[in-house]
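Residue numbers (the working numbering), protein chains in the order written: chain A, 1 to 706; chain B, 1001 to 1402.
Simulated from the structure, these hints should not be mistaken for lab results.
It is possible that part of the hints are untrue.
What the hints assert, rightly or not - Restricting the straight-line Cα-Cα distance to at most 25 Å, the calculated cross-link-like pairs of lysine-lysine (DSS-like) are:
| no. | chain 1 | residue 1 | chain 2 | residue 2 |
| --- | --- | --- | --- | --- |
| 1 | B | 1380 | A | 135 |
| 2 | B | 1216 | A | 233 |
| 3 | A | 135 | A | 39 |
| 4 | B | 1002 | A | 594 |
| 5 | B | 1221 | A | 364 |
| 6 | A | 595 | B | 1379 |
| 7 | B | 1142 | A | 233 |
| 8 | A | 233 | B | 1002 |
| 9 | B | 1240 | A | 608 |
| 10 | A | 364 | A | 479 |
| 11 | A | 595 | B | 1184 |
| 12 | A | 233 | B | 1168 |
| 13 | B | 1380 | A | 594 |
| 14 | B | 1168 | B | 1240 |
| 15 | B | 1239 | A | 278 |
| 16 | B | 1142 | A | 594 |
| 17 | B | 1380 | B | 1002 |
| 18 | A | 135 | B | 1221 |
| 19 | B | 1380 | A | 233 |
| 20 | B | 1230 | A | 156 |
| 21 | A | 608 | B | 1216 |
| 22 | B | 1142 | A | 278 |
| 23 | A | 689 | A | 636 |
| 24 | B | 1221 | A | 595 |
| 25 | A | 595 | B | 1239 |
| 26 | A | 135 | B | 1168 |
Okay, here's what each chain looks like letter by letter:
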Amino acid sequence: MINYSVNKNIAILKIHVDSRPMNVITKEFLDTLKRHWEKFEESPQLKGLILTSERPEFMAGADLEMIRHITDPLECFNLAMDLQNLLRMMEKSKRPVVAAINGTALGGGFEITLACHQRIALNHPKIQMGLPEVKLGLLPGGGGTQRLPRLIGIEKALLLLLEGRSLNPEKALEMGLIHQLASSHAELMDLAISFIEKNPEASAPWDKKGYRLPGGDVQTPVGYRMFPGAMAKVTETTWHNYPAPMKILSAVYEGLQVTLEQGMEIEARAFAELVTNKVTKSMINTLFYSMNECNKGVSRPKNIPEQKINKVGILGAGMMGRGIAYSSAINGIEVVLKDISLEAAQAGKEYSVNLVAKLVEKGKLTSKEAEVILNRITPTADPQMVRDCDLVIEAVIEDRNLKARVTKESEDVMPKSSIYASNTSTLPITGLAEASQRPEQFIGLHFFSPVDKMPLVEIIMGEKTGDQALALCMDYVRKIKKTPIVVNDGRGFYTSRVFTSYVIEGINMLTEGIEPQLIESAGKMAGMPVGPLSVSDEVSLDLIYHILKQTEADLGAESIDQATYQVVTDFTQNLKRLGRKTGAGFYDYPVNQKKRLSPILFEKFPTKEHGFSREDLSLRLLTIQALETYKCLEEKIIREERDADVGSILGWGFPPYTGGTLSYIRQRGLDQFVKDCQNLEKLYGQRFKAPASLKSLGQKQRYLSV
Amino acid sequence: MKQAYIFDAVRTPRGRGKADGSLHSSRPITLAAECLKAIRERNNLNTQLVDDVILGCVTPIGEQGGDVAKAATLHADFHQSVAGVTLNRFCGSGLEAINQAATNIMSGQFDLEIAGGVECMSRIAMGSDGGALMIDPELSFKVGFVPQGIGADLIATLRGYTREDVDKFAIESQRKAAIAWEEKRFLHSIIPIKDSLGRILLDRDEHMRPDTTLEKISQLKPAFLELGEKWGLDSVAYKKYPRVESIQHVHHAGNSSGIVDGAAAVLIGSEEMGIDLKLKARARIVSMAVVGSEPTIMLTGPAPATLKALAKANMKASDIDLYEVNEAFAAVVMNFRDELEIPDSKINVNGGAIAMGHPLGATGAMLMSTLIDELERQKKRFGCVTLCIGGGMGIATIIERV
């Protein structure tokens, strides 16, 4: 757990939390640290103490298992105070305590170092230091909200605390987080020892007489300027859906006006409130646990050994194809980028040329590395070129006949064992696989645009898709450092289908005479990245039109939302307003000005008295998405709840504070959610009808503890 | 219940609230004491008869802190038996002082009081006293406070007032103030401020820009655009007003109240005291009201406050002959006018704070002197003073010329 040794009359504590893959704060760790500390206290001959780690990392943070299941705020408060009191005891020791930060120190790990008298870090650019708790809906509970501002001033500390930003050692030194840099492990220990030898007595700056808060106190003009600004930013970025940044601001505001001890208590109280808050629980479950599981590929068939993907063929060098080519090449995969003509294929490669050039400009790549990456992409018009690809990804336009043709063309030359994937976003995979000679090797790989930025890939299993195909695609997706989710086949699969329900609900509101801006605010303030009308313009109204038209043709008039269909038909066919790409959709896009809701909306959809608040409409927009997701689960489109949650957050930005579309139902409470659906069903009919099975969701699924 | 009468009202001229302002070298106690002395001299007052001096002050720290009213009373050499109290109802303070004094008189417990206010904005910066309303995160997240200018811009946005509309209003304020000064309409109330050698430091409102034009002020940059858009404060307003697509930042230094130094005082007493001291009553306090209003937009209090005071007096908005509505921002007054459907000819006929400035704690009392002078000049009967107030409040007082 912690190796205690004495060298030159200095106690050296080397952290090694064996029970975990990385050093994290656990209860046992705390107990051990306490015991060692007592031992040190009982050894007055020792000159000081050095805290370091035996592993590559110093400490990655606190073990979330410790708090994941706590529901009693008082229990959590006591837990936080245990750590706080131990750290304060170390800090109050007259003998110097030095943190020799040999590797990444984040969260609780960094908070431990903040209580040390001297922080010396190994200067390696990959080492990170900081307090990222806010990203999981938490605040630093080990004194971080109190010591960091006392160390570097409120303004700088808030920047780090509110964004959860971490810094490499050089930046950390510049910001005043640490005192010294060491160029090697040996120097790190030498500097630590020499600090102790030179400073027989040490104390924290805030324990010294005459201490002044750097940058000014809370109740000064500096504070009067800073806090309103920081609060406004929190409102602008969270709409108060996330309690953590608000609690952080309060803890800093209140704690910095009292003693450190009282500040620690203020922080521990806020920590306890957050840990037991549903939002935090949902965020930890999905953003930490589920996300890690997806990234580890837990849905991957276990009995198939890892697949090597050396070369992919990409059919179609349009927006998607060129993005997939880039993401593959930059992650070490050879790419054949095929299009109808060599020029078109080369134009597709240009995209990577530009992106790579930007990375070189920023100093993230050397020009040598850039060259290697770009050499991996071979543009071509020759369908024969995919003959030695492990995976061929089709990214041509959404035309069944064309897709069938290129499938055949490729399968004729592809190796027998290789996998063929379609990057369709709308056409069911099972249908497309009919053109394939080997449907068990035919799969869907749904990328999101822009591919280089969007972290999700939705893997779609056709009826006949085999495990081999799935295993290879999971290995590929992980190799290009994206997060895979696995779903079964169906119209719109999972992400497009549920995302569309958001858009349709927004357009419905328009037809009901609800103020367009209120609709947009309802989406945004519910935590969606943009309002439903904006996003309609972004994906383009004609895309929505075509999807609905195709669905109607395939499945009949009953199968689509006719109100939305009428609106998008009118806008695209009569008004020729297709969305942002044509400079006019629901919004007008005047040159060099902010876009504005088009006056045409007020003509077409006169506002009516409706009596709904923004909150009512937000609830409606979230409910439809969660309900549609539940239907996907029921129809077995969704195979794992985890994938629904992760896919919704990474795929179309469903608000992370909910934990994702299915966690949302639990956060809301099953009974309340059913009630929400019933209320909405009364107003808007069938589409809000909750399946009877919904009521039993709570009994059988995994996130019950939320 | 007794009646409360106003016997006299005086004010200092308003000095530009900067280091180059003519009153910058005058201390707050000086300005306040000059008003108190003027009240004493003009009315041959035996100060021992004054029960209390109530002064509004919005930034009561430093030399304006620690009960500046008592300090000014002593500085004016009033008898030691005169008490003093400072109050803070933000921009409504000067009028609040009058209302509290009047209420004291009406209760019969007090007989003679001086109410007023003081604010040396060039010496004590606005907002430098902090306050939980602005900076306490827990409270602020609950309520959603934005700088008042954004509240005013929001009013303009909701009402559809364009930049040109508010600029025109501002030009009108300048024009009316210039005429009022030209015709010496303020002279009865103005107490010129002199230095210790008797040289005049200031005898007129020096913030005015009588020769400014619509074209000139249309060039001014919106004052709250950056705060709103870059600092994210617009979002705080959007959260409360989700129907607003984009706040139009139309207010700027030229159509908002000026930052100035100044003080004012009003002598208020009972009918009996007036008779005893042979003081001529100039006006009677008819009714008064304060209200809380939506705190994010913050500045819509004057209309409900006025309606509340009207209701107390059993009157209608149209019964009032003249209104003094503090020109904190152009849109505040325009909104009040439109909400109560009052003709322009009745509102701020001698200009307002856009032209002459808004010494926060004193303005309410200054507006009272302006109103009484004008009621007398026009020989009109009823007047109303009203102000918008930070934190989302409004205050109004109705008087009758006698």
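Worksheet item: Quick check: which numbered hints come out false for this structure?
Response: 1, 2, 3, 4, 5, 6, 8, 11, 12, 13, 14, 16, 18, 19, 21 and 26
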